[in-house]
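One letter stands for each residue in the lines below.
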Amino acid sequence: MSLRTAPQTASGPRPLLLRVQHLFVRLGVLPFLLIIAIIVFSLASERFYLWDNIKNVLRQSSYLTMVAIGQMLALLTGGFDLSVGTITAVTSVFGASAMVAMYAAYPDAIVLSIAVGMLAGVGAGLTIGIVNGFGVAVFNVSPFMMTLGMQSVGFGICLFQTGGVPVYGMPKEFGKILGFGQLFGEIPAPVIVTATLIVVMYVLLNWTRLGRYLYAVGGNLKASTLSGINTRLTLFLAYVLCGLMTAVSGIMNTARLDSGEANIGASLVLESIAACVIGGVSLRGGTGKLGNVVLGALFIGIVQNGMNLARIDSYLQIVVVGILLIVAVVADQFRQKLVAKLRD
Amino acid sequence: MVDIAKGTAGVAVAAETPVLLRLEKISKHFPGVVALDGVDFELRPGEVHVLFGENGAGKSTLISLVAGVYRPTAGRIEFRGETIDVASVHQARQRGISAVFQEFSLVPQLTVEENLFLGAELTDSRLLNKRAMHARAREILDRLGFPLKPGMRVAYLSRAEQQMVEIAKAFRSELSVLILDEPTASLTERETQRLFTLIEQAKRQGVGIIYITHRMNEIKRIGDRITVLRDGRLVATLNVAEASESRLVELMTGRVIAQIFPKVAYRPGATLLEVKDLTTVGGAVSKVSLHVKSGEIVGLAGLVGSGKSEVARACFGIEPIAAGTVAFAGEDVTGTKARQMLDRGFFYLPPDRRDEGLVMMRGARENIALPSLDLPPFSTGLFLNRAGEKAQALDLARRLNLQPLNIERAVDHFSGGNQQKVLLAKALSRAVKLFVFDEPTVGVDVGTRVAIYKFIAELCEAGAGILLISSDLPEILHLTNRAYVMYRGVLRAELVGSEITEDRVLGHFFEREAA
Chain C
1 MSLRTAPQTA SGPRPLLLRV QHLFVRLGVL PFLLIIAIIV FSLASERFYL
51 WDNIKNVLRQ SSYLTMVAIG QMLALLTGGF DLSVGTITAV TSVFGASAMV
101 AMYAAYPDAI VLSIAVGMLA GVGAGLTIGI VNGFGVAVFN VSPFMMTLGM
151 QSVGFGICLF QTGGVPVYGM PKEFGKILGF GQLFGEIPAP VIVTATLIVV
201 MYVLLNWTRL GRYLYAVGGN LKASTLSGIN TRLTLFLAYV LCGLMTAVSG
251 IMNTARLDSG EANIGASLVL ESIAACVIGG VSLRGGTGKL GNVVLGALFI
301 GIVQNGMNLA RIDSYLQIVV VGILLIVAVV ADQFRQKLVA KLRD
Chain R
345 MVDIAKGTAG VAVAAETPVL LRLEKISKHF PGVVALDGVD FELRPGEVHV
395 LFGENGAGKS TLISLVAGVY RPTAGRIEFR GETIDVASVH QARQRGISAV
445 FQEFSLVPQL TVEENLFLGA ELTDSRLLNK RAMHARAREI LDRLGFPLKP
495 GMRVAYLSRA EQQMVEIAKA FRSELSVLIL DEPTASLTER ETQRLFTLIE
545 QAKRQGVGII YITHRMNEIK RIGDRITVLR DGRLVATLNV AEASESRLVE
595 LMTGRVIAQI FPKVAYRPGA TLLEVKDLTT VGGAVSKVSL HVKSGEIVGL
645 AGLVGSGKSE VARACFGIEP IAAGTVAFAG EDVTGTKARQ MLDRGFFYLP
695 PDRRDEGLVM MRGARENIAL PSLDLPPFST GLFLNRAGEK AQALDLARRL
745 NLQPLNIERA VDHFSGGNQQ KVLLAKALSR AVKLFVFDEP TVGVDVGTRV
795 AIYKFIAELC EAGAGILLIS SDLPEILHLT NRAYVMYRGV LRAELVGSEI
845 TEDRVLGHFF EREAA
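Going down the list, the sequences are from chains C and R. Residue 265 in my numbering sits at position 265 of the first sequence, with consecutive numbering throughout. Residue 706 in my numbering sits at position 362 of the second sequence, with consecutive numbering throughout.
Hint data in this document are derived by calculation from the structure and do not stem from the laboratory. No incorrect hints appear here.
BS3-like cross-link-like pairs, simulated, lysine-lysine; straight-line CA separation at most 27 angstroms:
| # | chain 1 | residue 1 | chain 2 | residue 2 |
| --- | --- | --- | --- | --- |
| 1 | R | Lys734 | C | Lys222 |
| 2 | R | Lys734 | C | Lys289 |
| 3 | R | Lys777 | C | Lys222 |
| 4 | R | Lys631 | R | Lys620 |
| 5 | R | Lys681 | R | Lys777 |
| 6 | R | Lys777 | R | Lys734 |
| 7 | C | Lys55 | C | Lys172 |
| 8 | R | Lys637 | R | Lys798 |
| 9 | R | Lys474 | R | Lys493 |
| 10 | C | Lys289 | C | Lys222 |
| 11 | C | Lys222 | R | Lys681 |
| 12 | R | Lys777 | R | Lys798 |
The following block holds chain R by itself, in its conformation from the complex (with noise of 0.2 angstroms):
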């Protein structure tokens, strides 16, 4: 079971073996969702079971329960052959079961130590051992092959260093069931392979791993089997040798490849940004240079952390430039700032609409205006026209399917799916020459997802220009005519047309061979 090569064979007797955990029928209801319906789901000793499914498909919630965070609405956890009813994080890693969740729950101003053992310091009558605790910190950093030092503030730490450090929380103890969810989104490959040792290592003992990704080839590498779930529900669970990529996207989405993404007819034109060898303050980004056309959309792809978002913010004026030149629409604006790019044409949608894209607490027209207000409908020089901006507001919204159609309501209490809308209507409020979409379908829903794409390609057929910033390969791969990839600030690899494959991007994402 050791060789990878022999993974399939493991799965044949696995199936014999008895079940670790067992999900029966299990929901979960929030105030008016229902996250969870009916789903069963089981975990054998020395599997990795991938969860799979789009954002807010359920995954979350399904190992929330079992790590104890949530308590089902209806059904059954049975662990080891009997129901068990865990009712905090505590009691499930009292009995082995352990999360690393995508929200680190670490405290930064406390050590590695003191996080390792948070909530289950070591005493010594009653007062802290504090020389015991950095002996098991050691001793456990070391058994996992982190470079950290117990001493270190989680501060101070990279986000993938934060990752290890919550990965040795759940290596603290006796270990039966490891929850990983998308694990390696801020690891380096290294960093990744090192971690799939450990995983292979844990299989060996038995632990059972839940493992929740997006990415095929990590699915390819380590998991056995897959279970994926669409909206609250079981869709199939079924062996990774049998998962093709494309049936796997049928069965999260419930469509076909060819219905999800539009045909776009793209008219490359006049060169609208240039950009020659850019590199930003802090060296995120080092020596790009890349260049879009109107009537095109041209990917950026990359993983987290590659630098692919802050080359298109460099550009918009709010990431600092070191060196090299920016020039858009003929003209260069190196260095101008994002008011003035507005001005000129350039749009950036940001990735995260919570965080940076909408101002949660305001109304949708509100926030729809809030980048035009100097301009008409929305004014009329000195004061604000509100009855201009009313109307202006409510005819993008309707372009949008915006739902509920209530422009008044405050951005917080629509769906993450019609955020999305709001945050693309903000971008029509005025006339732009070139969009720049950042991950724009995170958190999205099938029927939203499919209406986005739609929209960017009839942005592009109407003659804009698209830079499409994205880490969903699919995305890249069917809606670009033209595709950049990055690697840890350095562009890799420049695509074009049927160049612009799985094999060829997924190459140029990671470490090892430049294809």
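The shape of chain C in the complex, shown without the other chains (with noise of 0.2 angstroms):
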């Protein structure tokens, strides 16, 4: 291969650092520490290959992907969302109470309870999304604070409403199908849930305008609205999405559980601002993107698997993780450094 090049660069005595030196320009570390953990992961145990084990990295980095794009899409307008956590918590809560109580009233109707639990659950997610929304857009309170103040809102309603009890009770149903399902008898629910919530919020970020706006205006505020955006509406919908993602990761992942726990979302604050950090989305908004946010979560996936494969405490699995933040913060600083010094 370097022979091949070798005519073109012919001053370059190192054409292979070079290579990987645009590479990492181009790409980001994501790459790099995929591979990396793969290859780590592979020596450490053989189960690491087996189609059973990459069907449940899949499914278990699932509900984190969907998090993180909605992150993602808060962190794009150059603020971030702290009640993550807390919208699965209260999807949970209010999901699985709602769900529990139809179906204790009408035993028959299992469809109408799973129906009904799911829609009060993602609506209660979506309407912390839509108090976030309203707090920054309108108020022009901080992402932080606000974020942060419905994190504790949310959370405390949730011990509130169960008095930190597991709630059961739910139609066996519905954790069978929405958490164990599996389409063609291979592929877990969950992950095509989360294909198709991909899918779609491809399109939105890079076919309509709102996604061109939801750049534009973490890129610039000011400039947005010289340029004729709504900005306050923009802003507003990223928190909503935010939330929507969220909850409908909440609700998903209470299938699994089968059981609506106020507990269930406490790493997700910092793993999904983990995937998307990892995955090269700018903590100062305004560059990102999807397909990177999508490996970043599934790296989070991957370690966390292969941790467990080699029987690494779970404690200090939170140790590696919010090291891996950090590594991924300082590469992307000295990226930065190589794209200003490579510019073309």
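Given two chains presented individually in distinct reference frames, assemble the corresponding complex, making use of the accompanying hints.
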């Protein structure tokens, strides 16, 4: 390979290094981290490559992927959503409670109870997104304070509602289909839902005005206003859509756990922001690609799965995720310097 | 030497006095850019040496080298006869070299006195000696005659007052070289007068002053010598007495005025914009009435802070209106939002492309298409038409001669002049009846400047109405067929055709006699 390019870069004594640099600038750290993780874990455990395990990784990552995509929308506008954990919790608790109540009242109406429960759950989660959106877009509260506040509000309501005890008693079919169901006998239900949402979000971000406006508003709010963009509406929708994505993730996760729990999303805030940052989304807003965010979430899923297979203590795993986040940010700083150097 | 009338005699005397500061063949390279290329410069005690040149000519780099912000790539700096190496602003200050930059180096959350002594706090056995600093601050402010209290927080001060704090900082310790970068940009005439008196005082004490300004009248009022820079090179150093405006513009741009400004065939038609007794919330604009017709270029001149931008911004719906009416194409549009104004064919191009004009980290294509994503060929109703967008953006970029012609490149990576072209291309992405250009040539090179003027002239000749907001006098003088002059939120004058002369416009710029 290096032979073929040798005539082009006759002066370059280190074409391989230069090429790795170029790849790094173009793609970011993520591909490198992914390759390293896959090599390490396949060496550490033979089971890593089994189809059952791959399926497992995909299913486990899908919940985080949905939240990370929602988080990405908030990050694109130059904010973030610290309430994603609470949104899943609210969705889980209210969805489960509604479903249990409906099922208890009409034991025969299984489909109806599931539908009502899901709507109630998603509606509850979405409400938090709407409140976030109002606070940020209309009252100009900083996203940090707004979503941090709502995180506390939502979590408190969940604990108050349940007394801290998980909500049981949903129809068995709910968990069976949405938690562990498989299409074509092979593809897990949450993976299908996630894949659908990825396609929808891809179209939204790349082929609609709203998508373009999310990038523009995050990149330069004033320039967006002067270009005739309704910046408040755009900001509002970013948080509403983030809430919606997170709520869907929450209801799917509830199905998997077969119970409504207030503690369901404790690690999601960190993990979703980490997935985005590792995927190259700028914390200052305006840049980030959907595909890379999905890979970022998948990467975190792979690392967690690999560590489980390698029997690494689950408390230590939390340490690893934090370190990966910081490594990604440091690598991105380094990349920015290279970008300035290699410009084109 | 106190008397300004003896100013030129002063220069003759100064010729024999020893040089205070001398730069020899000084160069400064930044990655990919030669900001200064072998420039010679000297400063005598007691003189005001004006640095003149376009944005990007190297003035700021030169003063940054003297003030210790950067170190020269090549060349020698000599101070009081000995070669020196100023490694930091702090070292420069210790030698009595102080600079007041346009970008303030103040911490807004701290008070005036805390800012004055930042980095050079007075201490009393390791603890801050607040009483001494307070007394010293009082003393400095009194001596300079600034109406500031040492305990005020800088964040609550006006721009002019912050400027005073910066100047006071320079006068904090023993001074031998004072560098002032466009110090009057945000000062009122009275404050400017006060500053000039201070400069006279400093001159008498043998301080050498390097003064950057674009304003001819200031050069005549306080300047002794002028050094003109262009593209990082020294063009000439001459005495103020031998420098006329046209001579200086020629030296600065390397062209005669006729080559810079195109001849425009004005054909005033129907009235497009009609503003009556406009007053904005906050009072930046007070009872302003003006109108713009199709096929003409109307100038709106005034200093920074005169409210000239706010007039257009209020019309565009991004500045709240307290009273008065705005009519566009015969319809009342008072208080209409930007989106609707765009749809009606009113386009406002902001002065600061980085702050308000462009999304810097996105590509040129996305920036050009941004105001028009709801229209064909950029969109097909629900979805974006990316092929159409690409073709249209490329077409516009080509028309404005964007270089390099890579519309996917992030705007941040283009030069200033090319960024400005992207901003102009935005305005062409949709049908526009009235263009408002707010300081369209800030921070662009001469070549782009000429291209922008030609572009504006073509739009006018094609029948568009143009409102040109500018504090650049030649622009108003040579490009417009009608001009309004604003001062402190009030419309001072309307000048038509041959009435638009330097004296008349400048006469209304300032507080003194209304011509």
